[in-house]
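Construct all of the structure, not just a fragment, from the sequences and the given hints.
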Amino acid sequence: MQKLSVLGIGILFSSACSFTPQLAPELSVPNKPLLKKEIVFLTYNAEQSPLKIKSVQLPAHPIHQSDKVRIDSKSLQLTGEQKHNLETLLTEKGLIVTDNNNADYVLTVQQFSVNKQPDLELPLIKPQGQTQQKAANLAKANSSIACANNEVKISFRLNHRKSADVVWISQAGLSSHTYINQPVVYKFTQQQIVTNEQNILDFVRKQNTEEARKERFDKVVTIPQYQIGYNTSPLTKVSGICSAQQVSSITSEIETHLITELIAKLKVQ
200 MQKLSVLGIG ILFSSACSFT PQLAPELSVP NKPLLKKEIV FLTYNAEQSP
250 LKIKSVQLPA HPIHQSDKVR IDSKSLQLTG EQKHNLETLL TEKGLIVTDN
300 NNADYVLTVQ QFSVNKQPDL ELPLIKPQGQ TQQKAANLAK ANSSIACANN
350 EVKISFRLNH RKSADVVWIS QAGLSSHTYI NQPVVYKFTQ QQIVTNEQNI
400 LDFVRKQNTE EARKERFDKV VTIPQYQIGY NTSPLTKVSG ICSAQQVSSI
450 TSEIETHLIT ELIAKLKVQ
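If you're matching positions, the sequence shown starts at 200 in the numbering used here and goes up one per residue.
Derived from the structure by calculation, the hints contain no laboratory data. Any given hint could be a false lead.
Straight-line distance between alpha carbons at most 20 Å, and here's what the computed SDA-like set of lysine to any residue pairs gives [said to hold, decoys possible]:
#1 236 / 335
#2 253 / 466
#3 292 / 256
#4 464 / 288
#5 267 / 335
#6 267 / 468
#7 386 / 324
#8 464 / 304
#9 282 / 372
If you anchor each label on the Cβ, the simulated ranges turn out as follows [stated by the list, open to error]:
#10 467 / 335: 50 to 60 Å
#11 365 / 248: 26 to 36 Å
#12 335 / 466: 51 to 61 Å
#13 442 / 421: 47 to 57 Å
#14 416 / 342: 18 to 28 Å
#15 261 / 318: 40 to 50 Å
In this text, all values refer to a predicted model and were calculated from it rather than measured experimentally. Glycine included, every Cβ here is placed at the ideal spot set by N, Cα and C.
Okay, here's the thing in structure tokens:
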């Protein structure tokens, strides 16, 4: 009777073991790939137009150091800073700037103009930094930019006071783009991202349920691969002068530059 009981227990234990479900091992979430980030710079520039300057000085009345020059108060209005700069340049040439009517020469500002020109197209110089096709496509879609452009012109006339003879005439013109002489630089950032991370997490979670582990016992299950996409930031300007407001803000600088260039042409013995 005792032997029969032991035998029965053995049969029950064997039966229980034979009905224990066999489970496949749990799946692990794969490591994400190393994601890259790159900053792409787009540089725009165009050829510079040369400074346009004309200067004619007649020999009838040679100008000497210590000669007196009066700036005609009726000529086009200069800013206080520009008038001071003009007086300094004349003084550096050895001339005496005076307000008296008995000056040897009278300097007149004949033209002082700023003319808005059509927007200037700046082509894209070879972009730097891009390696991905999407970045190249974005650069191609922004192959040029339009920037405001002004033409500044100034002209002087110098007369001998006693004879009223014209002694010197000069004119200079310069575009804001040429004066700036700097490229306009934009940038955008391109960041790699995993587009199907949640799908992979859901797949692994589903495959690790007891029912799924029973189902895939002795079967090969392939976890989906990570898929890579790109997040691209909007274009942002890094440096350069382009907008109408920015270009207008440097007009006074251009005028001062032209005054300097013109007075440099005046010959004083």
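A quick look at each hint next to the structure:
1. For the proposed pair residue 236 and residue 335, the alpha carbon gap of about 15 Å is at most 20 Å, so the pair holds.
2. Between residue 253 and residue 466 the alpha-carbon distance is near 14 Å, which keeps this suggested pair within the 20 Å criterion.
3. Proposed proximity of residue 292 and residue 256 is supported: the alpha carbons are some 15 Å apart, at most 20 Å.
4. Between the alpha carbons of residue 464 and residue 288 the distance comes to roughly 11 Å, so the proposed pair stays at or under 20 Å and holds.
5. With a C-alpha separation of about 63 Å, the suggested pairing of residue 267 with residue 335 is violated against the 20 Å cut-off.
6. In summary, the hint linking residue 267 to residue 468 is supported, as the alpha carbons are separated by about 13 Å, within the 20 Å threshold.
7. Between residue 386 and residue 324 the alpha-carbon distance is near 13 Å, which keeps this suggested pair within the 20 Å criterion.
8. This hinted pair checks out: residue 464 and residue 304 have alpha carbons roughly 16 Å apart, not beyond 20 Å.
9. Among the hinted pairs, residue 282 with residue 372 is consistent with the structure: their alpha-carbon atoms are about 19 Å apart, no more than 20 Å.
10. Taking the beta carbon of each, residue 467 and residue 335 are about 58 Å apart, inside 50 to 60 Å as hinted.
11. Between residue 365 and residue 248 the CB atoms are about 29 Å apart, so this pair conforms to the stated range of 26 to 36 Å.
12. At roughly 56 Å, the beta carbons of residue 335 and residue 466 sit within the given window of 51 to 61 Å.
13. Between residue 442 and residue 421 the beta carbons are some 55 Å apart, a value that agrees with the proposed interval 47 to 57 Å.
14. One distance hint, 18 to 28 Å for the beta-carbon pair residue 416 and residue 342, is violated here, with the actual separation near 59 Å.
15. Distance hint for residue 261 and residue 318: a CB-CB separation of about 46 Å, consistent with the stated range 40 to 50 Å.
Going through the hint list in order, the structure does not satisfy hints 5 and 14.
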